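K.L.:
Letter by letter, the chains look like this.
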Amino acid sequence: MVVDAPPVSAPTRQARHPLRQLLADRWAVAGGVTILVFLLVAVAAPLLSALEGHDPYTYDTNALTGDGVPIGFGGGISTEHWFGVEPQTGRDLFAIVVYGARTSFLVGFAATALSILIGVVVGVTAGYFGGWYDRIVSRFIDVLFGFPWLVFVIAIGAIAPAWLPKQLLIILVIGLFGWPGIARVIRGQTLALKQRTFVVAATALGAGPGHLLRRQYLPNLVSTIIVYSTMTIPGMIGAEAALSFLGVGVPPPTPAWGRTIGEAIAWVQTDPMFLIFPGAALFLVTLAFNLFGDGLRDALDPRTRGTRR
Amino acid sequence: MKRLTAVALAGLLALAGCGANDPKKEEGGEAKGGKLTILSASTDINFDPAKSQNLAITTLGLVLRRLTTWDVQPGKPAVVVPDLATDTGKIGADGKSWTYTLKDGLTYADGSAITTADIKYGIERSFAPELSGGLGYHKSLLTGGDKYKGPYTGGELASIETPDAKTIVFHLTTAYGDWPWIVSMPAFSPVPKAKDDPKKYNQNPVASGPYQVSSYQQGSLVKLTRNPKWDAKTDQVRTAGPDEIDFQLGQETTVAAQRLIADTGDDRNAFGAGFVPPAQLVQIQANPTAKERLVTSEPGALTYLALNTQRGPLKDVKVRQAIEYAVDKKAFQIASGGTTGGDPASTLITPGIAGRVDYNLYPADPAGDVAKAKQLLTEAGQTRLKLVLLSENDQVNLAKAQAIQQGLQRAGITVTIKPVTTDAWIEVATGEKPDFDLTVSGWQPDFPSANGNIQPLFDSTQIGGGGYNLARYSQPEVDTLIAQATAEGDPAKAQALWAQADKRILQDAPVVPLLYAKNSFLHGSNVRNFSVAAFPGYPNYLKVSLKN
Amino acid sequence: MRTLRYLATRLLGMVGTLLVISVLTYAVFYLLPSDPARLSCGRPCTPDRLAEASAFMGYSKPWLQQYLDFLVGIVAGRHFGSGLAAVDCAAPCFGYSFRLNESVTQLIVDRAPVTFSIAIGAAALWLIVGVGAGVVAAVKRGTVIDRSAMVFSTIGVSAPSYLVGLLGILLFGFTLDVVPVGGYVPLTESPVDWLWHLVLPWTVLALLSAAVYARLTRGQMLEVLSEDYIRTARAKGLRERRVIGRHALRNVLIPVATVFGLDLGTLLGGAVISEKVFSMQGLGALLIDAVGNVDLPLIVGVTLFSAFLVIFANFLVDLVYSVLDPRMSLSDAAASSGRN
Numbered sequence: 001m002v003v004d005a006p007p008v009s010a011p012t013r014q015a016r017h018p019l020r021q022l023l024a025d026r027w028a029v030a031g032g033v034t035i036l037v038f039l040l041v042a043v044a045a046p047l048l049s050a051l052e053g054h055d056p057y058t059y060d061t062n063a064l065t066g067d068g069v070p071i072g073f074g075g076g077i078s079t080e081h082w083f084g085v086e087p088q089t090g091r092d093l094f095a096i097v098v099y100g101a102r103t104s105f106l107v108g109f110a111a112t113a114l115s116i117l118i119g120v121v122v123g124v125t126a127g128y129f130g131g132w133y134d135r136i137v138s139r140f141i142d143v144l145f146g147f148p149w150l151v152f153v154i155a156i157g158a159i160a161p162a163w164l165p166k167q168l169l170i171i172l173v174i175g176l177f178g179w180p181g182i183a184r185v186i187r188g189q190t191l192a193l194k195q196r197t198f199v200v201a202a203t204a205l206g207a208g209p210g211h212l213l214r215r216q217y218l219p220n221l222v223s224t225i226i227v228y229s230t231m232t233i234p235g236m237i238g239a240e241a242a243l244s245f246l247g248v249g250v251p252p253p254t255p256a257w258g259r260t261i262g263e264a265i266a267w268v269q270t271d272p273m274f275l276i277f278p279g280a281a282l283f284l285v286t287l288a289f290n291l292f293g294d295g296l297r298d299a300l301d302p303r304t305r306g307t308r309r
Numbered sequence: 001m002k003r004l005t006a007v008a009l010a011g012l013l014a015l016a017g018c019g020a021n022d023p024k025k026e027e028g029g030e031a032k033g034g035k036l037t038i039l040s041a042s043t044d045i046n047f048d049p050a051k052s053q054n055l056a057i058t059t060l061g062l063v064l065r066r067l068t069t070w071d072v073q074p075g076k077p078a079v080v081v082p083d084l085a086t087d088t089g090k091i092g093a094d095g096k097s098w099t100y101t102l103k104d105g106l107t108y109a110d111g112s113a114i115t116t117a118d119i120k121y122g123i124e125r126s127f128a129p130e131l132s133g134g135l136g137y138h139k140s141l142l143t144g145g146d147k148y149k150g151p152y153t154g155g156e157l158a159s160i161e162t163p164d165a166k167t168i169v170f171h172l173t174t175a176y177g178d179w180p181w182i183v184s185m186p187a188f189s190p191v192p193k194a195k196d197d198p199k200k201y202n203q204n205p206v207a208s209g210p211y212q213v214s215s216y217q218q219g220s221l222v223k224l225t226r227n228p229k230w231d232a233k234t235d236q237v238r239t240a241g242p243d244e245i246d247f248q249l250g251q252e253t254t255v256a257a258q259r260l261i262a263d264t265g266d267d268r269n270a271f272g273a274g275f276v277p278p279a280q281l282v283q284i285q286a287n288p289t290a291k292e293r294l295v296t297s298e299p300g301a302l303t304y305l306a307l308n309t310q311r312g313p314l315k316d317v318k319v320r321q322a323i324e325y326a327v328d329k330k331a332f333q334i335a336s337g338g339t340t341g342g343d344p345a346s347t348l349i350t351p352g353i354a355g356r357v358d359y360n361l362y363p364a365d366p367a368g369d370v371a372k373a374k375q376l377l378t379e380a381g382q383t384r385l386k387l388v389l390l391s392e393n394d395q396v397n398l399a400k401a402q403a404i405q406q407g408l409q410r411a412g413i414t415v416t417i418k419p420v421t422t423d424a425w426i427e428v429a430t431g432e433k434p435d436f437d438l439t440v441s442g443w444q445p446d447f448p449s450a451n452g453n454i455q456p457l458f459d460s461t462q463i464g465g466g467g468y469n470l471a472r473y474s475q476p477e478v479d480t481l482i483a484q485a486t487a488e489g490d491p492a493k494a495q496a497l498w499a500q501a502d503k504r505i506l507q508d509a510p511v512v513p514l515l516y517a518k519n520s521f522l523h524g525s526n527v528r529n530f531s532v533a534a535f536p537g538y539p540n541y542l543k544v545s546l547k548n
Numbered sequence: 001m002r003t004l005r006y007l008a009t010r011l012l013g014m015v016g017t018l019l020v021i022s023v024l025t026y027a028v029f030y031l032l033p034s035d036p037a038r039l040s041c042g043r044p045c046t047p048d049r050l051a052e053a054s055a056f057m058g059y060s061k062p063w064l065q066q067y068l069d070f071l072v073g074i075v076a077g078r079h080f081g082s083g084l085a086a087v088d089c090a091a092p093c094f095g096y097s098f099r100l101n102e103s104v105t106q107l108i109v110d111r112a113p114v115t116f117s118i119a120i121g122a123a124a125l126w127l128i129v130g131v132g133a134g135v136v137a138a139v140k141r142g143t144v145i146d147r148s149a150m151v152f153s154t155i156g157v158s159a160p161s162y163l164v165g166l167l168g169i170l171l172f173g174f175t176l177d178v179v180p181v182g183g184y185v186p187l188t189e190s191p192v193d194w195l196w197h198l199v200l201p202w203t204v205l206a207l208l209s210a211a212v213y214a215r216l217t218r219g220q221m222l223e224v225l226s227e228d229y230i231r232t233a234r235a236k237g238l239r240e241r242r243v244i245g246r247h248a249l250r251n252v253l254i255p256v257a258t259v260f261g262l263d264l265g266t267l268l269g270g271a272v273i274s275e276k277v278f279s280m281q282g283l284g285a286l287l288i289d290a291v292g293n294v295d296l297p298l299i300v301g302v303t304l305f306s307a308f309l310v311i312f313a314n315f316l317v318d319l320v321y322s323v324l325d326p327r328m329s330l331s332d333a334a335a336s337s338g339r340n
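Protein chains in written order, with my numbering: chain A, 1 to 309; chain B, 1 to 548; chain C, 1 to 340.
Some hints could be false.
In silico DSBU-like links for lysine-lysine, alpha-carbon gap of 30 Å or less [as the list claims (entries may be wrong)]:
hint, chain 1, residue 1, chain 2, residue 2
1, B, K433, A, K166
2, B, K229, B, K103
3, C, K276, B, K291
4, B, K503, B, K386
5, C, K61, B, K149
6, C, K61, B, K147
7, B, K149, B, K193
8, B, K193, B, K96
9, B, K433, C, K61
10, C, K61, B, K199
11, B, K199, B, K166
12, B, K433, B, K386
13, B, K90, B, K193
14, C, K276, B, K223
15, B, K200, C, K276
16, B, K149, B, K433
17, B, K96, B, K147
18, B, K200, B, K223
19, C, K276, B, K199
20, C, K276, A, K166
21, B, K166, B, K103
22, B, K76, B, K503
23, B, K493, B, K90
24, B, K96, B, K166
25, B, K32, B, K291
26, B, K166, B, K195
27, B, K200, B, K147
28, C, K276, B, K35
29, B, K493, B, K76
Since the hints were derived computationally from the structure, they do not count as laboratory data. This structure is a prediction, so every number in the text was calculated from the model and none was measured.
With the sequences and hints as input, model every part of the structure.
P.N.:
This is the structure:
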């Protein structure tokens, strides 16, 4: 986030420990708690749906009218079906939402991890080594930015061999299209760090590239990486949802919030809860990550460290 | 014969037969005037008759007339009637030639006369590789059609004779009783050679029907206005009510349905070219004024589950029969829109086709007979089957695929759904490398004869290479039956043979008949004479008019 | 001279990037299990007819040959078939869509105004609203205004665009009936209708992006406001307005410009989801349509055009960067424009 002004090394206020500051930020805490709750839900999905007594795959046509509309208030909310049922199939919506959390988190975290890993490696090396390697990397980044990834994903879905699980494919594609963002940021920061006195000093003292990268650059990049990761996760989750909405995401019947939302929009006049439950879930998770990420950034950024929001 | 998909259907842009069940429809209503709007999800209309696969009673039928056409009325089966010709054709002595005479006084929009030379040219240009893509049944029926490459590289097709400007004679390779239906197809529209510009004809064809294309905005709006030279006295199926017809293209399906439900402003003079999606069907049922404007056809085209009989465990007829019992047709019906979506099916020949015999070789509850299925699977020694279901990746098709999947799951069969785009589906399902075990497909014949229900789907010549024998079914006994029935001149005998073939095929269980589809369409409150028959399951554009 | 050489290098880089993208696109769509000629085969489709259609469109040649034909066509134009039905595609020919009977260039020219109308209108709106909100929030840090602006922004960032779009149509187009819902009306046909039909797409897109820019601007503004030179300016007695407007804003706009350029470039290439949701036939809808029909020339053509817009936007951003920040030369600007 920095242009190339040097970080404030002598803040005028008492610097607080980042964790303390984070915990003092109510919004960030709320965000963090929400994330934990959803994470727990995702991990415990089979347990939770077993508690309720349904899985997200079994049809229950008896809960529907002949036209496929859920019987009962709020799309069939009852002690049997806590969130009601899905129109046209009678599948339990609570189970779909909790299992959908798994898909979202799995894809979100894995794709982010992939992006960050590649992005940091490429960004740091490009910034550090420079020269023609840097130029090629920049051009490559341009290619990736310019490519309409949506079109690509649709095509890839058709080509991919049958033995490759679709979820893995989506993680790979979203991850591989996501790394240029972080790579550019890291590269910029690396370039800035290159001119910092402590780096110059270390180089003058004879430190080799390995040592420099590991000991000087990376520690200073860590906070950026952490913050960027936290901010990327909701984007990845959103991308997976968008793919599911367009019908090229995780294939049915594996529960996926994006796909359910896409189907639910058409039903909004007859069964609004079908949209509200998964829609609210997706929205809350994204919001939580954003709030938490904001708080984390404020806590870790030395400039705003110690300042009360 | 047509495979039904949401895409193909929208692209068909209406062919409608009769069979509306709307008691409030005005009778007679020959009101003239107004601007009709048609909302379509498709992004392009191709008016070039050589490239078109339109039904005779939808879009293209408004602009281009053919030798014969269809008379589709509510409650009656569809009949082929003369259009430009005086009758539906006279068979020659050898049984393989057909002669047609044009009516008097027929002219194009610019006043020049329609001659048989134009019809011959129109048919010839459909053979050109540059204009491939349309209905091509005639290409293998006309003598010399296999080798003919179209008029642009020189040469004409000798098997079409035009002794004078009003007579035309076709020489076929074989006796073909359904030829009158063939000459109702787009390729048999007259195209004056002098006005033929193959690169632009799709946007502005020379009109022989009651309307002509007045403006064409690629991808968004196509406008038709009256053809002043069209003579209503020579045309028994078209009423040409509206003064102008606008096609709004690229409309998002749900939004278009909502517009028609809301029925405000100009949308009162509009109707939707595509089916009403299941979610909106439900919404309409709950809305009394919208419900009156919903028109649902009689059950017609067959939706079925094709089993790849040449692959793995599906080679065993017992396994296939087990699947016949395991399928949950009730869930499939709900996924297709509930009772408004269709009726459960058990035969291959569909309701509304003459000579159809109703039977059920695998009687079970609509939700299936899981116990029987499991028993058959155990007998076949296949208790842990794993199958791949190929499906198109739009919402409606995926919902149907899931309905099948969960049904089979109950019998212990694990089904993995493989969603692909439409063109990939066509390639895999009809191409040379059928990499699937199961797939759901719909089939509507291009003309209402039992021939259209059986031959393209079960004749062994239709395997691969673009043919629709998706089940890869090859049974010499059945091939013989089909050949016999096709050649049979006596309609009653032919129908009996087709019914026999129907049952014989299902004994081998290469497909599971799922539903006879009912298609629902919604129109605005000012639209009159809007009806949909069992065949072809689309509104009859030719008779639609507006209230004055 | 150095600038000239730099410009030349960048231009070469752009062309190179576009070439790579075009090869990748060709390769990917060639690996698809569907035959592009299949949809032009007709019914019934026999292998002979398929082969004929394939040969005419040039699809029966090996894909490398097709790619080279494509490249040559850009410079020299292309010719398909022979006789009356032959198709001539004048240079620069980016391909010919047989399905739509139109050259790719013509199709792009026809559809571009739709996409540009959506993109530019939305972009202007979100820039003004977003940056404005961000500046105000930063200046009034800690107050209710700041809090609420940030809350709305975070909510805006978290909502999926397709959902908001469709709900917007349902609410404003149907329930409240304040905006029309039927697609795009060309500016030349009726300026009022053009505007009216675009209000909803603009609002939806702008609101969601404004949120991003508000947060970004606020963040940057806060950092800049704690800089020494701002303190100096204030100490000198300059009015707050001048401090913010003249000194702070300039530095804030640099990273904002970076992101904006890229966003606008991407949007100009066709926002697929938005166009689909609002029934507008722009470049995004054209592309998705082409993919669904395996209309290879169209896919390649539109992809390249979109890619070009993005890369060009990148380039412009570097230029703007060097103008806004006098410390930087053009090549430095390019180097550091990678920063957020």
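K.L.:
Are the hints correct? Go through all of them and say.
P.N.:
Evaluation of the provided hints:
Of the pairs offered as hints, the one joining B:K433 and A:K166 holds, with about 21 Å between alpha carbons and a cut-off of 30 Å not exceeded. Our distance criterion of 30 Å between C-alpha atoms is met by B:K229 and B:K103, whose separation comes to about 15 Å. For the hint pairing C:K276 with B:K291, the CA-to-CA distance comes to about 28 Å; that is within 30 Å, so the pair holds. For the hint linking B:K503 to B:K386, the alpha-carbon distance of about 28 Å falls within 30 Å, and the restraint holds.
Restraint check for C:K61 and B:K149: the C-alpha separation of about 20 Å stays at or below 30 Å, so the hint holds. About 22 Å separates the Cα atoms of C:K61 and B:K147, which keeps this hinted pair within 30 Å; it holds. Simply put, B:K149 and B:K193 have alpha-carbon atoms about 16 Å apart, close enough for the 30 Å limit, and the pair holds. Annotation: proposed proximity of B:K193 to B:K96 holds, straight-line Cα distance about 28 Å (limit 30 Å).
Among the hinted pairs, B:K433 with C:K61 is consistent with the structure: their alpha-carbon atoms are about 21 Å apart, no more than 30 Å. Restraint check for C:K61 and B:K199: the C-alpha separation of about 23 Å stays at or below 30 Å, so the hint holds. For the given pair, B:K199 sits about 29 Å from B:K166 by alpha-carbon distance, which is consistent with the 30 Å threshold. Taken as a hint, the B:K433 and B:K386 pair is honoured in the structure, with Cα atoms around 19 Å apart against an allowance of 30 Å.
This hinted pair checks out: B:K90 and B:K193 have alpha carbons roughly 27 Å apart, not beyond 30 Å. Restraint check for C:K276 and B:K223: the C-alpha separation of about 23 Å stays at or below 30 Å, so the hint holds. Restraint check: the Cα-Cα separation between B:K200 and C:K276 comes to about 27 Å, which is no more than 30 Å; the hinted pair holds. At most 30 Å may separate the alpha-carbon atoms for a hinted pair to count; B:K149 and B:K433 meet this at roughly 28 Å.
Note on B:K96 and B:K147: the hinted pairing holds, with a Cα-Cα distance of about 19 Å set against a maximum of 30 Å. For the hint pairing B:K200 with B:K223, the CA-to-CA distance comes to about 16 Å; that is within 30 Å, so the pair holds. Note on C:K276 and B:K199: the hinted pairing holds, with a Cα-Cα distance of about 29 Å set against a maximum of 30 Å. In summary, the hint linking C:K276 to A:K166 is supported, as the alpha carbons are separated by about 24 Å, within the 30 Å threshold.
In summary, the hint linking B:K166 to B:K103 is supported, as the alpha carbons are separated by about 8 Å, within the 30 Å threshold. A C-alpha spacing of about 26 Å is found between B:K76 and B:K503, which places the hinted pair at or below 30 Å, so the restraint holds. Using a Cα cut-off of 30 Å, the hinted pair B:K493 and B:K90 holds, with the two alpha carbons roughly 21 Å apart. At most 30 Å may separate the alpha-carbon atoms for a hinted pair to count; B:K96 and B:K166 meet this at roughly 20 Å.
Between B:K32 and B:K291, the direct Cα distance comes to roughly 26 Å. Compliance with the 30 Å bound is thereby established for this hinted pair. A threshold of 30 Å between alpha carbons decides the hint, and for B:K166 with B:K195 the separation of about 20 Å falls inside it, so the pair holds. Taking the CA atoms of B:K200 and B:K147, the gap is near 26 Å; set against the 30 Å cutoff, the hint holds. Restraint check for C:K276 and B:K35: the C-alpha separation of about 26 Å stays at or below 30 Å, so the hint holds.
At roughly 22 Å between alpha-carbon atoms, B:K493 and B:K76 fall within 30 Å of each other, so this suggested pair holds.
In terms of the numbered hints stated before, the structure departs from none.
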